[in-house]
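**Student:** So you can see what is in the structure, the chains are spelled out below.
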Amino acid sequence: KQEVTQIPAALSVPEGENLVLNCSFTDSAIYNLQWFRQDPGKGLTSLLLIQSSQREQTSGRLNASLDKSSGRSTLYIAASQPGDSATYLCAGGMNTGFQKLVFGTGTRLLVSP
Amino acid sequence: GAGVSQSPSNKVTEKGKDVELRCDPISGHTALYWYRQSLGQGLEFLIYFQGNSAPDKSGLPSDRFSAERTGGSVSTLTIQRTQQEDSAVYLCASAGRLAAGELFFGEGSRLTVL
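These protein sequences, in sequence, are chains A and B. For the first sequence, position 72 (counting from the first letter as 1) is numbered 110 according to the working numbering, and the numbering increases by one without interruption. For the second sequence, position 58 (counting from the first letter as 1) is numbered 143 according to the working numbering, and the numbering increases by one without interruption.
Isolated chain A (complex conformation) (with noise of 0.2 Å):
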């Protein structure tokens, strides 16, 4: 069974600042890792979406890396900004016939002016 797992569950930094974001799953078997936004109240935003047989995606200051054999993903988000506030969550799309996320239980980021 696949489990997700995000650390830090929260994050506090001042704005400027390069922060990673982990995501740890346990079945290497992932079809493919896509890392949404959620703001409080609201639903996710797609971020990232990175297929198996990719190393990393790009998107602004936005670059997440998986590494399938250790069965980590990371979000690099670089010169943080206080819009960056939000809550992050990484969920590993497995092939069980169709394309099943499942997901971690995020990381809360506050960005601070």
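FYI, nobody ran anything at the bench for these hints, they're computed from the structure. Check each hint, because a few of them may be wrong.
No more than 16 Å apart at the CA atoms, straight line, and that leaves these computed lysine to aspartate or glutamate pairs for EDC-like [unchecked claim]:
(1) A:Lys138 <-> B:Asp141
(2) A:Lys39 <-> B:Glu129
(3) A:Lys138 <-> B:Glu187
Here are the in silico distance ranges between beta carbons for each label pair [unchecked claim]:
(4) B:Thr155 <-> A:Glu94: 34 to 42 Å
(5) B:Thr163 <-> A:Gly98: 38 to 46 Å
(6) B:Gly136 <-> A:Ala117: 41 to 49 Å
(7) B:Ala139 <-> A:Asn101: 33 to 41 Å
The structure presented is a predicted model; accordingly, all values stated were derived computationally and were not measured. We treat Cβ as the ideally placed atom computed from N, Cα and C, and that holds for glycine.
Add chain B to chain A, keeping to what the hints say.
**Tutor:** Coordinates of chain B only, in the frame set by chain A:
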């Protein structure tokens, strides 16, 4: 539509009542998912629809929960005889035809059972 639309955004009901939650996926998306997000917990898979295939209901927590998808588009999640532990945010997501496609979520329906 431009994104996944869910209604109602908030629903307060009394224990024992039935509720219906609606999801309108992105136009052209064949895959539709329902997830549940309880306070302090991760997202829990409930049910998956793909085109005209039989849905995967393996995540539904009890027989009080059911869902249907009419015409391959709009989906309704029904909870009968609601219990307080059903209180959560119910999130719908849709994806394109590709098996490894990106999921796009709606803003959710927050259900509170008194």
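**Student:** What hint numbers does the structure not satisfy?
**Tutor:** The structure breaks none of the hints.
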